[in-house]
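Let the sequences and hints guide you as you build the complete structure.
Note that the sequence shown covers residues 10 to 179 in this note's numbering.
Keep in mind that the hints were calculated from the coordinates and are not lab data. Values in this document were obtained by computation on a predicted structure and should not be read as measured data. You may find that some hints are simply not true.
Calculated pairs, DSS-like style, for lysine-lysine (alpha carbon to alpha carbon, straight line, at most 27 Å) [what the hints assert, rightly or not]:
{"hint": "1", "residue 1": "108", "residue 2": "173"}
{"hint": "2", "residue 1": "79", "residue 2": "134"}
{"hint": "3", "residue 1": "134", "residue 2": "98"}
{"hint": "4", "residue 1": "79", "residue 2": "132"}
{"hint": "5", "residue 1": "19", "residue 2": "98"}
{"hint": "6", "residue 1": "76", "residue 2": "134"}
{"hint": "7", "residue 1": "132", "residue 2": "76"}
Label pairs and their calculated CB-CB ranges [what the hints assert, rightly or not]:
{"hint": "8", "residue 1": "121", "residue 2": "142", "range": "30 to 38 Å"}
{"hint": "9", "residue 1": "20", "residue 2": "142", "range": "40 to 48 Å"}
{"hint": "10", "residue 1": "167", "residue 2": "79", "range": "18 to 26 Å"}
{"hint": "11", "residue 1": "144", "residue 2": "120", "range": "34 to 42 Å"}
{"hint": "12", "residue 1": "142", "residue 2": "36", "range": "28 to 36 Å"}
{"hint": "13", "residue 1": "36", "residue 2": "144", "range": "28 to 36 Å"}
{"hint": "14", "residue 1": "35", "residue 2": "79", "range": "15 to 23 Å"}
{"hint": "15", "residue 1": "91", "residue 2": "136", "range": "27 to 35 Å"}
{"hint": "16", "residue 1": "97", "residue 2": "171", "range": "24 to 32 Å"}
{"hint": "17", "residue 1": "67", "residue 2": "139", "range": "26 to 34 Å"}
{"hint": "18", "residue 1": "120", "residue 2": "25", "range": "45 to 53 Å"}
{"hint": "19", "residue 1": "108", "residue 2": "173", "range": "18 to 26 Å"}
{"hint": "20", "residue 1": "55", "residue 2": "120", "range": "22 to 30 Å"}
Just so it is clear, CB atoms sit at the ideal spot from N, CA and C, and this is done for glycine as well.
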Amino acid sequence: MDPDKVQTIKDWPVPRTQEELHSFLGLTVYVQRFWPEYASLTATMFALLKKQNKRNVKIHFNDEQLKNFKELMRRLSNPPVLHLPDFNKHMRLRTDASKFVVGGVLFQVVDGAERPIAYTNRKMKSAELNYPTQQQELLAIVHALAAFRIYYLDKPPIVETDHKSLEQCW
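So this is what it looks like as structure tokens:
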């Protein structure tokens, strides 16, 4: 990465208005497919944009939002290493659901090491927050399968989940 651009990111001030926060989140939204926890880091900041929905309204970060802002800044200046897929090998998909986010990682095992290819995650919709845990975990699988469908059109992926009752389905 260009050191001047990294320094610009590191010097980015904490947003004070909805417009500044909107600009910052607009900058970061492009990289969400490269980070496993993007949605959970930005959910509280996106919530600030919904309150009054006026661009010049002053906002104040609480401790959690400030911590997440600093973590986003750190990650923007230290991008993750992603690997190109080998279409001759099986794709693996690991998914998970948390309190308000579903996500997954597409990866391959090469020489015994996991190589991430892409990440996906999104905030759950309000109705999805009411789903039981098993359905939220299944929602994470469906979301990840849809997000990465182009990678495994010819071979189905190996799906991994930490939810034991869903493991019996596969």
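**Q.** Hint consistency between residue 132 and residue 76 [alpha-carbon to alpha-carbon, up to 27 Å]
**A.** holds (19 Å)
Q) Has the given pair, residue 19 with residue 98, been kept, meaning a C-alpha gap of at most 27 Å? A) violated (38 Å)
Q. When you take the CB atoms of residue 20 and residue 142, is the distance between them in 40 to 48 Å?
A. Check passed, 42 Å falls within 40 to 48 Å.
Q. Is 18 to 26 Å right for how far apart the beta carbons of residue 167 and residue 79 are?
A. violated (36 Å)
**Q.** C-beta pair residue 142, residue 36: status relative to the range 28 to 36 Å that was hinted
**A.** Holds, since residue 142 and residue 36 (Cβ atoms, about 34 Å apart) stay within the stated range.
Q: Hint says 45 to 53 Å; check whether the CB-CB distance for residue 120 and residue 25 agrees.
A: holds (49 Å)
(Q) Please check whether residue 97 and residue 171 have a Cβ separation lying inside 24 to 32 Å. (A) Given range 24 to 32 Å: holds, Cβ gap about 28 Å.
Q. Is the hinted range of 15 to 23 Å satisfied by the C-beta distance from residue 35 to residue 79?
A. Since the Cβ atoms of residue 35 and residue 79 sit about 19 Å apart, the hinted range of 15 to 23 Å holds.
Q: Measure nothing beyond the straight line between the CA atoms of residue 79 and residue 134; if it is 27 Å or shorter, mark the hint as holding.
A: Holds, at about 26 Å.
Q.
Quick check: does the Cβ-Cβ distance between residue 36 and residue 144 fall within 28 to 36 Å?
A. holds (34 Å)
Q) Given the hinted pair residue 79 and residue 132, is their alpha-carbon gap at most 27 Å? A) holds (20 Å)
(Q) Range first: 22 to 30 Å. Now tell me if the beta carbons of residue 55 and residue 120 are that far apart. (A) violated (39 Å)
Of the numbered hints stated above, those contradicted by the structure are hints 3, 5, 10, 20, listed in ascending order.
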